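Going down the list, the protein sequences come from chains A and B.
In this text, residue positions in the first sequence follow the numbering used here: the first is 1, and each later residue adds one.
In this text, residue positions in the second sequence follow the numbering used here: the first is 1, and each later residue adds one.
None of these hints come from the bench; they were simulated from the model.
Please note that the accuracy of each hint is not assured.
[Stated by the list, open to error] Partial chain A-side listing against chain B, Cβ under 8 Å, derived: (1) Met187; (2) Leu246; (3) Ile323.
Small disclaimer: the values here were computed from a predicted structure and weren't measured.
By construction, the Cβ of each residue, glycine as well, lies at the ideal position given by its N, Cα and C atoms.
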Amino acid sequence: MDVLTNLYHGFHTALTLNNIYLCFIGCLWGTIIGVLPGIGPMAGIILLIPATYGLDATSAIIMLAGIYYGAMYGGSTTSILMNIPGESASIVTCFDGYQMTQKGRGGAALFVAAWGSWIGGILSLIGLMILAPSLANFAMKFGPPEMFAVLLIAFVLLGSLGRDSFFKSMPMIFLGLFLGTVGMDQMTGYLRFTHGIRELYDGIGFMPVAMGAMGVGEVLSSTEESLVRIVHRVRLRELLPTRQELRASWGPIFRGSGLGFVIGLLPGSAHVLASFVSYLVEKRVAKNPEEFGTGRIEGVAGPETANNAASGGAMIPFLGMGIPTSPATAVMMFALIIHGIRPGPLFISEQPRIFWGLIASMCIGNVILIILNLPLVGIFVNLLRIPFRVLFPMILLICLVGTYSVNYNTFDLGVLFAFGVLGYVFRKIKFDIAPFVLAMLLGPLVEEALRLSLMRSGGSFSIFWNHRIALTLIISSCLLFLWNIYRGIRPSKATWERALQEGEG
Amino acid sequence: MKRALSFAVWVLTFVLWSVNAWAASADYPTKPITIIVPFTPGGTVDFTMRTYASTAEKLLKQPVVVVNKPGATGMIGSLAGAQAAPDGYTLTLGSSAMISTLEWEMIEGRKPPFSRHDFAIIGSLTMMTPMVVVPHDSPWKTLSDLLRDCKAKPEYYSFGSGGLYGGSHLPAEMLMMAAGITARHMPYKGAAISLTALAGKHDDFGTHYTASTIPLVRGKKLRVLAILSDRRLRSLPDVPTAKELGFDVSCAQWSGVLVPKDTPASIVEKLRDITLKVTKEKTFIDLIEATGDEVYFMNHEEVAKYWDKESVMFATLFGKLIEKEKKPSK
């Protein structure tokens, strides 16, 4: 009951008019940042740090945390409506979200995304409250071998991502892996495939590739369709999800919350991994997995919940240990340091006012965000009624500005367009982009984890045998891999039935 | 008539333009100033520059904006800074990282697109001091313990860093060379992850900076064995320097402000003046020291000497590292 007393005091701190106002500003700014593709929460937080100089530490972190999880709410908007990932964590939402928009269910997708985000946020907060100290220790146990094992599972799941068979996704996965190797090798300093181009030292930028292949590519292929669109008033019924869609969303939402929270604890790009794994898990447990990628609500509900839950999980190493595991939490830690607070393992016990005030304000923030986002669904969907000849240049402009705002580098713009054309080509030859984009992200992570593990053990694979958690996960991934191949070779039940019907007819 | 008129316009334009240039230096600054930080936002030096920007703003009475241009370990942004118009409106972050990256490129046989002599130095702002840290439960109580064990078992113990040839890697290499030991290097992506691994006992030791390490020390997850600098830290007065223990390893990293070398002398003087004033402002000092770094102003001559010395040091270091790489491993 200690938790409840602390929470009570936390709400006491958070419910001052000033703090609510700051929370609102943070959430609003975070949503805007999330909607704008390219700029991520980290940049949004940095921009607002000078505004916190005059505030006390609690108020400052309340506002900045608002930006952090607010961005996770907003990131789904352009993903669903325009197939442009608002930030890397929302890439997965594009797959089914945009398809739903094509079918006219865009509003419902946005609604469910906001709803799932809210539940994911609240549930991960509860986890944060109760489990912060013990989980921080758990997070420390995840060294390179464990990370490799987790990433390996994600990688194997990647094989089942494509709409078509496992074997058709393979070329795309390999292409993604190959392009992911470009850049300076982290361990030896060797330059791979950079051809003397300095901008490639850090690799082909991931966001320009994703925004290009998905957003720009979509615009290019859409120009082939008729440029005349029947514009009709969007009815409220179309904005809201049907009862069936809502029912189908519960499972993904709860699974996404759990997955996102746990994955958020892990060091590195937790949000992307969380949404990605959630999508793949949903595809696995669904009754008709072939329909994923054509507009299934589970493909939106799960990932969006997971990336919000990951925000809560990512706060744990930061607040419980003083170790920020993502750029956004690193900047938040700086903000606290400026105010004279040094988060560390003693943070929760030494600064209960700040910790519990923050937790309480995160609850309030989630409420503010759901109130902000739900009515906005109607406004955003109406954006789509803009005629194509205005909408498409607008989308291109958003992609350009978003890409440039990350590194102020014109090279990235070239990458954006090059991959836009490539995305268009992929669509024409009917190859799925999703495995390509995700392999490009995942490949370098898996390689890094494997090599660090082997460095540690001096080259011996026995290190995986010695780490129990890693071993379990690796065995699971091997089993998954065999299952993938089995499914790829043996046609599914639906295909059997179709073949039988055609044989008869 | 027409020709006379157009000639008059040309002359007028020329006169106005030169007057503007002269006026610009007399009334500098008349428009907002940009500072290029060649690293991703959120790091210590990025924060230092942002603090400098907000303090300098008040003194210069013009907005001072930080622009991040990361890439190629700082080369992209530094190059942009070197090639910027020398009118005093584009400053660049200078740091030890820039020097080490330049030296690395040269050693690898790639001629860098710019050199440190393409800049005029304004002054240095901070010094960041690395320390030798171990997990809290580590059996080593002093630096000598660590070095003794490493000598007994070469290439056995591991140390983590935030990236290859980065600020947390090079001090470790220097220490190992001074002490004649070898250990396995685990390059992580960023100091934060490297510290987590160290606290989780996945590695045996590391060389990290005060800002990120001190909270973990207070929380009893890490212990500091030695400071790799000439003098002890104010925040950790009980920890000896490596020099005191007999190992002459001192590799503090400096950060400072640069402008393109052809910037007019009057503007450069004004900027130097302002920078010195900033480093004396209490708000600036408080913010920087809150993160654990030290405010340390060196004027342009001192910085020039310092980075010449650094260049030589890095060149030697990289030379030795490359030799080590070329030796066949067991």
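Task: Unsatisfied constraints (hint numbers, rising) - done: Violated hint (a single one): 2; every other hint is consistent with the structure.
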